[in-house]
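Please arrange chain B on chain A, whose structure you already have, making use of the hints.
So the protein sequences, as listed, match chains A and B. Per the working numbering, the very first residue in the first sequence carries number 1; after that it's consecutive. Per the working numbering, the very first residue in the second sequence carries number 183; after that it's consecutive.
Ranges of calculated distance between the beta carbons of each label pair, as one might list FRET restraints:
| id | chain 1 | residue 1 | chain 2 | residue 2 | range |
| --- | --- | --- | --- | --- | --- |
| 1 | B | 585 | A | 172 | 50 to 60 Å |
| 2 | B | 249 | A | 160 | 47 to 57 Å |
| 3 | B | 501 | A | 105 | 19 to 29 Å |
| 4 | B | 254 | A | 62 | 30 to 40 Å |
| 5 | B | 401 | A | 172 | 29 to 39 Å |
| 6 | A | 51 | B | 220 | 33 to 43 Å |
Stretch by stretch, here's where chain B covers chain A in the computed footprint (C-beta under 8 Å, at least three residues):
| id | segment |
| --- | --- |
| 7 | 24-30 |
| 8 | 120-129 |
Computed, partial: chain A to chain B, Cβ under 8 Å:
| id | residue |
| --- | --- |
| 9 | 18 |
| 10 | 59 |
| 11 | 65 |
| 12 | 87 |
| 13 | 136 |
| 14 | 137 |
| 15 | 170 |
Derived by calculation from the structure, the hints in this document are not laboratory data. Just so it is clear, CB atoms sit at the ideal spot from N, CA and C, and this is done for glycine as well.
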Amino acid sequence: MLRDKYAQEIDALLARFPEKKSAILHLMHLAQNEYGYMSDEAMREVADILELDPTHVLSLAGFYSLFYEEPTGKYVLEVCNDLACALRGADEFVEMASRKLDIPVDGTTNDGMFTLKTVMCLGACDRAPMLQCNLKFYENLDEAKFGALLTDLRAKAAAGDPEPTVVERIIGYTASDAQNTK
Amino acid sequence: MAHVLLRHREIPDLHKLEVYRQHGGYEGLKKALSMTPAEVIDVVKASNLRGRGGAGFPTGVKWSFIPKNAPDTYVLINTDESETGTFKDRELTEHNPHQIIEGALIAAYAINSHLVFNYMRGEFMDAAYAFEEALLECREAGIIGKNIMGSDYSVEFYTHYGAGAYICGEETALIESIAGNLGQPWSKPPFPAVEGLYRKPTVVNNTETLANVAAILVNGADWFKQMGTADSPGVKIVCLSGHVERPGNYEVPLGTTYRQLIDMAGGVRGGKKFKALLPSGGSGPIIVADALDAPCSYEGLTPFHSVMGSASLIVMDETTDMVWAALKMTHFFRHESCGKCTPCREGTYWMEKVIDRLYHGGGTEDDIKLLESIATNMTGKCLCALGEFATNPILSSIRHFLPEYKAKVAAGAKKKQAVAA
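In isolation and in its complexed conformation, chain A is listed as follows (with noise of 0.2 Å):
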């Protein structure tokens, strides 16, 4: 349970805001970081610890593109194809990876390793081809280098991901301000 596992982040995050419900993303983003993605009993929690009704969870989960709604791979690769990356070369990239992963767009390897996505402007065009995986971004890309970023994702996976998640990292300040506050 998202309230168990982080009680100290989830108190200084409610105690931040004049009404709880602003929390929601924030717990949102936890609950996705726990479960892979927005599954029933991940918005049921949410909405158990801002006592609000689950659907509105599941609107907020429909309306912003960060949330998946279906469980995803262990990685999800989401490339920025808009305009501007578009002139550097995105639309080729997005190919060449589809290629080498062998499945296509929002398509998941049989693996259950990586989930291929095209999203809109991440603010990196000045480094494109680019993308985003699990909220990190890797910038300037070539072929050469998406296929080292695969291998090294599928390494970590081997050897169990030990690093803290970006959401991980994100919340921790959380606590850690909530103490300096005391």
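Coordinates of chain B only, in the frame set by chain A:
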């Protein structure tokens, strides 16, 4: 000229409080705290600092709209940076976070607010560690919290992460998103200065705008007005992307011409000829070669039926298919339309359908007129600017490149004939 905003390019480790302070950091806040809030607003007003998110509204005037003595007011920093081609606030967040924090604290003091949120797009979490560290440093140094810097003024400051929605850069949508609702804009009035977050008076400022404030307090309004043009004073971070040799952020005085900016980025890539550029990411009308000597300023592109906006230049060379470029942008706006108002929700959907048909050779000459008609029917009827923005790539590409649209129709017809034969 030394940078005013991208100072980290000259000063290593500027993201650390100690280094930031060695270079005059928090002197602006200190000065502000020695003045009355009204005096602070007057200085910012006198500088004529205008909103760097694109709208260009005078920042000091915006602050002055907050009712005096309102018990609860809020300052929100807009770091939702999601406009295609825009990546300036991310660089500031990553490398010069204290300058944003200092500006926001001055804003908060000026409107007597005790709570600041930086609304950062969720995709920037990995770029936000330095910002979060900077907030912790400020907490420890007494720059955030109770009685900051020994004054009797207290303020809290937190980051709030979005989750992927372009529309949340619109100020009322941003407010709804922080409140925990769907990030959809509302029809103004009420304006945020009267009823914003939790229905309390609220100021929403762009990240880059706030990064200017401390230096204005320290150096004065006249110093700021020496840079730029009479109506557009100061410096601006210009994002250059697309077909240039060296894409990236370039800080320049406002009024620098578009040609100079492209030259700064090493010119058009591979020695190719310039064809067109989107001056404000996806949302401003396309400009062509005749506008290249226009100044990059709030007024500079008016004669060319376009706008500076966020100054995000997406440069396209002679090889670019302009119907394709307009299709890309239309796809973006269809995807990002929040769905609240009908003209935008339906208009972006149908524009994408029709331009996609045209691009793939299945369109007719009537489709070009249909496309224009959908766009002009959206103009002035949408709830917020997104719907208006969505019509710009379509209408401006037809205005400048009608023969390219006609060529698609002709090529499609020829292909059909060949298949029939």
